[in-house]
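Working from the sequences, and respecting the hints, build out all of it.
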Amino acid sequence: MTATRYGNGRGGRPWRRLRDAVAIRDGYKCYVCGRIVEQGECDHVVPVSQGGKTELGNLGWICPSPCHADKSAREAAEAQGRTVRPKARIGVDGWPI
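In the numbering used here, the protein residues as written are 2 to 98.
The set of hints was computed from the structure by calculation and includes no laboratory data.
Think of the CB as a built atom: it goes at the ideal place given N, C-alpha and C, for glycine as much as any other residue.
It is possible that part of the hints are untrue.
Unchecked claim - FRET-style restraints, in silico, Cβ to Cβ:
#1 E56 / D94: 34 to 44 Å
#2 V33 / Q81: 18 to 28 Å
#3 W96 / D21: 32 to 42 Å
Stated by the list, open to error - In the SDA-like style, the derived pairs of lysine to any residue whose C-alpha atoms are separated by at most 25 Å in a straight line are:
#4 K72 / A89
#5 K72 / V38
#6 K30 / V47
#7 K54 / P97
#8 K72 / R83
#9 K54 / I25
#10 K88 / S66
#11 K30 / G13
#12 K88 / I25
#13 K30 / V49
#14 K88 / L57
#15 K54 / E39
#16 K88 / A74
#17 K30 / P15
#18 K30 / Q81
#19 K54 / V33
#20 K72 / W96
#21 K30 / R90
#22 K30 / L57
#23 K88 / K54
#24 K88 / P67
#25 K30 / R83
Structure, rendered in structure tokens:
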């Protein structure tokens, strides 16, 4: 019989429970732009690579795009010693926000 790892690791049950708790606590509101997104993601406010911990106080609800994508790109660039110019955000009406 093969041992399974279901429920362990980042995609396991403890992570899903923590993710759901963050979503409910934040009211499904992105902590970067303030939009309410039900299909958002749970993000480490202080990255693990910079000493952040996987605990409720260091996690926030964030929309996958553009906020999480931009934040991840910025963090990766900072880790490599580069700077990233922020992109202009375009609203639904076609004008910059």
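Comparing the hints with the structure gives:
| no. | hint | result |
| --- | --- | --- |
| 1 | E56 / D94: 34 to 44 Å | holds (39 Å) |
| 2 | V33 / Q81: 18 to 28 Å | holds (22 Å) |
| 3 | W96 / D21: 32 to 42 Å | holds (35 Å) |
| 4 | K72 / A89 | holds (14 Å) |
| 5 | K72 / V38 | holds (17 Å) |
| 6 | K30 / V47 | holds (18 Å) |
| 7 | K54 / P97 | violated (35 Å) |
| 8 | K72 / R83 | holds (14 Å) |
| 9 | K54 / I25 | holds (20 Å) |
| 10 | K88 / S66 | holds (12 Å) |
| 11 | K30 / G13 | holds (23 Å) |
| 12 | K88 / I25 | violated (29 Å) |
| 13 | K30 / V49 | holds (22 Å) |
| 14 | K88 / L57 | violated (30 Å) |
| 15 | K54 / E39 | holds (24 Å) |
| 16 | K88 / A74 | holds (11 Å) |
| 17 | K30 / P15 | holds (22 Å) |
| 18 | K30 / Q81 | violated (30 Å) |
| 19 | K54 / V33 | holds (19 Å) |
| 20 | K72 / W96 | holds (22 Å) |
| 21 | K30 / R90 | holds (18 Å) |
| 22 | K30 / L57 | holds (16 Å) |
| 23 | K88 / K54 | violated (29 Å) |
| 24 | K88 / P67 | holds (10 Å) |
| 25 | K30 / R83 | violated (30 Å) |
In summary, the numbered hints that this structure violates are 7, 12, 14, 18, 23 and 25.
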